[in-house]
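Asks: Here's the letter readout for the chains.
There are 2 protein chains.
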Amino acid sequence: MADIKSSNIVANSPAGMGMQASRQDEERKNNNIVETLLRLLPMALCLSALVLMLKNSQSNDFGSVSYSDLAAFRYLVHANGVCAAYSLLSAIVSAVPRPSTMPRAWTFFLLDQMFTYIVLGAGAISTEVIYLAYKGNAATTWSSACESFGIFCHKATAALILTFGVVVCYALLSLMSSYRLFSKYDAPVAYSNKGIEITPAFRA
Amino acid sequence: MADIKSSNIVANSPAGMGMQASRQDEERKNNNIVETLLRLLPMALCLSALVLMLKNSQSNDFGSVSYSDLAAFRYLVHANGVCAAYSLLSAIVSAVPRPSTMPRAWTFFLLDQMFTYIVLGAGAISTEVIYLAYKGNAATTWSSACESFGIFCHKATAALILTFGVVVCYALLSLMSSYRLFSKYDAPVAYSNKGIEITPAFRA
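Here the protein sequences come in this chain order: B and F. Just so we're aligned, residue 1 is where the first sequence starts under full-length UniProt numbering, counting upward by one. Just so we're aligned, residue 1 is where the second sequence starts under full-length UniProt numbering, counting upward by one.
Everything labelled a hint here was simulated from the structure, so no lab data went into it. Please read all numbers here as calculations on a predicted model, not as lab measurements. One or more hints might be untrue.
Far from chain B, by Cβ distances over 10 Å, these chain F residues were calculated [unchecked claim]:
1. E26
2. E27
3. R28
4. N30
5. L40
6. A85
7. I92
8. T127
Rough simulated footprint, nothing fancy, chain B against chain F, three-plus residues with beta-carbon under 8 Å [said to hold, decoys possible]:
9. 68-81
10. 141-154
Just a few of them, taken from the derived set where beta-carbon distance is under 8 Å, the chain B residues facing chain F [stated by the list, open to error]:
11. D69
12. A71
13. Y86
14. V96
15. A124
16. I125
17. T127
18. E128
19. Y131
20. Y134
21. A139
22. T141
23. S143
24. A145
Glycine included, each C-beta is placed from N, C-alpha and C at the ideal position.
With these hints in hand, go ahead and build the complete structure from the sequences.
Replies: Set out below in structure tokens:
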């Protein structure tokens, strides 16, 4: 508690304000770099999963199977495509050094949250299909398809693992964007000592 | 902007502080009631989905099928059970009027987020199984099981709809608990004018 008190005393002195402003700028710059990288990583993972799944097809004596034969895998491809596009776009936006405004923070928060749910959903339904393809199901008389199409199943599993990497990245991004958004809500009118960007209007 | 400025001037006068403290107490009480209700609702939905799924079995000339024959439905039942228990427990904790501390806010935030993902995952994989059971799949030679077991599929769909109700509740609860947690991070040392609970330590 003593730390918070003393840091506020320093922050309220004229010299402290200058020191704090430059420290804030530096922190903001570092945060921007971390966020941009954390948005480029899922883009790379999404694109890898996308390409792996798009090229995933197998033909043999039993017949042929392609990702497009299964609705779950089609959804996975679409989800990965849309997510890669959003990741790139949001990485560009977050790379530009600009004070964060409330509408921008809300947009990031809602979209990050939405994409976490979309990619998690896509990963979950594909997991179920791969599980059924490996194990089959006696009650519904669904046979194990992976016995006949081993390579197809392996590639689909690899794409799925990459997709869960995206889910982890987006869970972290959601945490980050909710911190950015909601920490504004109790912002003091004068200066913040936590390195959080406050809109110029709020700073007045 | 004028509103924020004037409300801060009022808040900083001795009379304003008293007025504000009582308004804060009232807001906090209302927030607690809303949160408790929002935690009891998914409990009711989880229990309904759980009971519906547990009793879901059908026998006819084609054979018999029960929820326990499908791994996805077993996971759905477990997820609903655990989620109902957590909803009840967290409703009790949030109903007790107590100043919110940082560890408590972090616990609520992390658990709410985790349960949103768990229930969303359970809902997604069960959706895929029901989709396959209705439509079948030609490439993997999986037949449509719902033609033979219509009642089973209907009940499973009903349980699924209830589960997605839980997902919506938990998405809102996640939003609420991230607001509670992260709005603390920039809390002013003296008084807050947003009705957010600050730990006594932070208030000193």
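Asks: Now, for every hint given, state plainly whether the structure supports it.
Replies: Results of checking the hints against the structure:
1. E26: Non-interface label on E26(F) holds, nearest chain B Cβ at 18 Å vs cutoff 10 Å.
2. E27: The assertion about E27(F) holds, with a minimum of 13 Å to chain B.
3. R28: Given that every Cβ of chain B is farther than 10 Å from that of R28(F), nearest at about 14 Å, it holds.
4. N30: The assertion about N30(F) holds, with a minimum of 17 Å to chain B.
5. L40: The claim stands: L40(F) keeps its Cβ more than 10 Å from every Cβ of chain B (closest is about 23 Å).
6. A85: holds, 22 Å
7. I92: holds, 25 Å
8. T127: violated, 7 Å
9. 68-81: Satisfied; 4 residues make the cut.
10. 141-154: Our answer is that it holds, as 4 residues pass the Cβ test (under 8 Å) against chain B, meeting three.
11. D69: holds, 3 Å
12. A71: holds, 7 Å
13. Y86: The hint is violated - Y86(B) has no Cβ within 8 Å of chain F, the shortest such distance being about 19 Å.
14. V96: violated, 23 Å
15. A124: holds, 4 Å
16. I125: This interface hint holds because 4 Å falls under the 8 Å limit.
17. T127: At about 7 Å, which falls below the 8 Å cut-off, the nearest Cβ of chain F leaves the hint on T127(B) intact, so it holds.
18. E128: holds, 4 Å
19. Y131: Cβ of Y131(B) sits 7 Å from chain F, so the hint holds.
20. Y134: violated, 11 Å
21. A139: Holds, about 3 Å.
22. T141: holds, 6 Å
23. S143: holds, 6 Å
24. A145: It holds, given that the least Cβ distance between A145(B) and chain F is near 4 Å, below 8 Å.
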